[in-house]
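Taken in order, these protein sequences are the chains called D and G.
Going by our numbering, the first sequence opens with residue 1, and the numbers climb by one from there.
Going by our numbering, the second sequence opens with residue 1001, and the numbers climb by one from there.
Rather than coming from a laboratory, the hints here were simulated on the basis of the structure.
Do not rely on the hints blindly, as some may be mistaken.
[To be verified] Quick list of the computed label-pair ranges, beta carbon to beta carbon:
(1) Lys1315/G / Glu14/D: 51 to 57 angstroms
(2) Lys1002/G / Tyr239/D: 46 to 52 angstroms
(3) Lys1248/G / Gly23/D: 50 to 56 angstroms
(4) Thr1229/G / Glu134/D: 33 to 39 angstroms
(5) Ile1115/G / Glu21/D: 49 to 55 angstroms
(6) Lys1024/G / Glu134/D: 50 to 56 angstroms
(7) Tyr41/D / Glu1386/G: 24 to 30 angstroms
(8) Lys1114/G / Leu46/D: 44 to 50 angstroms
(9) Gly148/D / Ser1130/G: 54 to 60 angstroms
(10) Thr1077/G / Gly264/D: 30 to 36 angstroms
(11) Lys1114/G / Asn161/D: 30 to 36 angstroms
(12) Tyr41/D / Arg1221/G: 27 to 33 angstroms
(13) Asn1150/G / Gly266/D: 31 to 37 angstroms
(14) Glu1368/G / Cys279/D: 51 to 57 angstroms
[Claimed, not checked] Calculated cross-link-like contacts (lysine-lysine; reagent style DSS-like; alpha-carbon spacing at most 25 angstroms):
(15) Lys51/D / Lys20/D
(16) Lys1248/G / Lys132/D
(17) Lys1024/G / Lys1049/G
(18) Lys141/D / Lys51/D
(19) Lys1299/G / Lys1002/G
(20) Lys88/D / Lys1002/G
(21) Lys1248/G / Lys297/D
(22) Lys1049/G / Lys132/D
(23) Lys1049/G / Lys1014/G
(24) Lys1299/G / Lys132/D
All figures in this text were calculated on a predicted structure; none of them were measured in a lab.
Idealized CB from N, CA, C, for every residue including glycine.
The primary structure of each chain is shown beneath.
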Amino acid sequence: MQSKGIIIDTNIEEGFQRIKEAGFQCIDFSLDQYMVNSDIYAGKNLHFFDKSEDEIRDYFSKHHDYAKKYGLYYSQMHMPYPLYVYGKEEISQYMWEQVVPKSLLVCETLECPYIVVHPFKIRTQLGIEAEKEENIRYFKKLIPMLRGKTYKICFENLYENRNGRLVPGVCAYPEEAIYYLDTLNEMAGEECFGFCFDVGHANLIGMDMYRMITMLGNRLKVLHLHDNDGIYDLHQIPYTFTRERGKALATDWEGVLQGLRDIGFGGTLSFETYPGMSCFPERIQQKVLELIAEIGKEMQQRILIFPTPDSEVTLY
Amino acid sequence: MKIGIQTAGVLEAKSVETDIAMLKKIGIETVELELNKEHLSKNYYQSLKNALELQRITISQVYMPALPEVSLGGEGTEKMLHIMQECIELCSWLGCPYFIVHPFSVARNYTDRKIGKEQEKNINQDFFKSLIPFAKKYQVMICLTNELDNVNGHLCMGCCSTAQEVKEYIDTLNTIAGEECFGFCLHMGRALLLSTDIREMLLMLNNRVKTVQLCENDGIRDMAMPPFTSYTVAGQKYWDGLIRGLQKIGYEGDLIVTVRGFIGGIPSTLKWDTIQWLQKILSHIREKVDFVNVLQSDKKLYLFGSGNGFDNFMKYYGNVCEPMAILDNNQAKWGTRKNGLEICSPQILLQENLERIQIVICNIFFLEIEEQLRKMGIENICCYEELQAF
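Based on the provided sequences and hints, a complete structural model is requested.
Put into C-alpha cells, the structure is as follows:
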C-alpha cells in the first residue's frame, strides 16, 4: 500500500501499525511527499533534500526500523517528480543534483529494491524524438549510481493533459517503454532499469492491458494498482467503475490479472489508492484499507489459479 | 485528392437523383457508399450508380458496417464470407477501388486472454485470406480499419488500433496474396478516442493507408461529429497531426467525412447548408494536405509576414521550400533579414509576372492582406495557419 496519507512523520509509528493491521505486508513509500509535484512545477523548493547524506540516512532510519518492527518491508518507493520542468532550470538542476542521488540513498537506507521515477515529459515543447533523446541522455548518467546496487529504477507509464483531455505521455505505449529500458540496460551492461505498470494511467488511454503487460514481460517489476472512469486520473479503488448502472466493470481488470499470470509476475500487488481512501470519513478509512487488502488477496488468488511453472509465489 | 461524404443519412432512395445533383452543386466530388447486408443486388444500386455517373461523382470507397448479429464460427463465418464476397463484387461493379471492412476484435470473448489473442489473429487471418481470390478477381483492395473494443461501455484498443498491429496484419495478408490486396482505412474518430498520435501512425503505415474516414468525438463516445467541432480534442493538434502525416506520406487517396449521426440530427431544411459547410471543412483540410505541393510548385514563392506565423512556417516547412523573400507592410523592417531572407515591401511583386508567383500569408490578418494582394492583381494566394506541435 502507498504510504501517502498513512505514514505521517509527526506520528510515524501509527502509520506502520495501520498498514499492518489492514492486512498488508509491503509498503510503497511515497518519497514524493517530501517534495510535492505542485511545488516543483511552480519552481518552489522547500529544501528537504539539502540534508547531507548522513542526515538523510538518519532521518529515514526510523522508517526502516518501524517497518521491521511491524514485519513490513518496502517493495517499492516513488521518487519526487517531475525531475525536469521545461523552462525552470534552477529547480530542474536541484532535482538532478540533489533529489535524485539522495532519493537513491533513501532507497538503499530502506532496503527497497525499486524506485519509481517519471521520465521527462517534454514532448509538448520539443517533440517526441527530442524527449527520447533527453531521457536517454539523462538517465544514462545515472548508470554508475545503479550498477551493482540492490535497487533499480523503474520508469512509469505517464499521460499528458491536452486542453483537459488526458492523452498518452512518455512510456504510455509498450514499444516506447521497451525501447527506453532495453537501450539503457544495454548501455549499463546489466539490468539497472525496470518498469512500473500503472493500471490507472493505462486505463485513461484505453490501453489493451493484457497486451502491454505481456509485451513488457519480465521488464515489469512493480505495479500501481488503482481505478478510474477512463477520463480522469482518479486513483480510486479497483473494481469500482462501471459505465452504466448494473453493468460490468469498465476497466479490464481481468486483462491485467491474466497478463500478470502469463508473464509469471512474482512481484507485489501494490495499490496507489490514497484518494480512494481519503475521500471516506476518517473514522472508516481503516476499513477501506482492509477492503483494499482483501481486494489484493482476491487478485493474488486470481493470478495464482494457473501459475506458470517458474513463477515464485510472492505474497503482496 | 477528392473530397466527399458518406451516402448514409445523405441520399434518400426516393430522391436519389436530386440529392446527388445537390451534392454536385455543393462541390462534393466523391462519396463513400455504405452497404446494407439486406440489399446487395446490383438492381438495388442501379439508379444510384446512374445518377452518380451522370453528375460525375465517383465512389471513393465502399463500406460495410460491422455485423455483430452474425456470429463467427461454423455457419456464421460462412454467412459472413458470403456477404463480403457479394460486397466485393458489388464494389467492383460500382467502379470503386476500395472496400472497407472491420477486422474482428474477439480476444476478450475468450476466458483465457492469451488464447483469445492468438485466436483473434487466426480468425482474422483465415477470414481475410478467404477473400483474396475475390479481391484479385474483381480488382478491389480490401481496407482494414482500426477497431475499438468495448469494455462494458469503456471504449479501448481493439484489433488494428495500433500501427504495429496494422502493419503485421496487412503485410502478412499481402504476402499470402502475393500482391497488394489489402490496405488500411484510418477511422479518425476511433483513433481520437484512444488519443492516438495520428501523425506517427500515418508515418509508420505510410503507403498502406489508402483511405480515411474523417470525424471526431468527445473523447468518450464514438459520436461521428464533424472535424474541428469537439473542444475536448486538444484543439487542432490532432487535425494538424493528420494533415502533416498525410503530407509526409504523400497520401493519394480521397478525404471522406463520415458523420451520419450528425447529419441525421439536423433539421431537414438545414441539411444541404450543413453539407455545404462540411464541404468547406474538407476543402480546408485538402488545401492544407496539398500545401507542400503548393510550396514546391514551379512558381516563385513569397512569404507575407515576418512574425510568429513566419517562425512557425519555417519550423515546419522551411526545409521543403525556397522562398524568394519575406513581404511585410512594416516599413521599419524593409532591408533587414530573417532566416537568411530579405524583408521587402509588397510592392516588389509588381516587378514579377503575377501569374508565376505564389504568396503564402503567414499572418493573422490574412483577410486584409489577401484583399491587399488581390487589389494588386495577385491570384495565387494561400493562407498559412500555425501548426501546433504534437
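Run through the hints listed earlier and report the numbers of any the structure violates, in increasing order. Numbers 5, 15, 20, 21, 22 and 24 - these are the hints that the structure violates, sorted from lowest upward.
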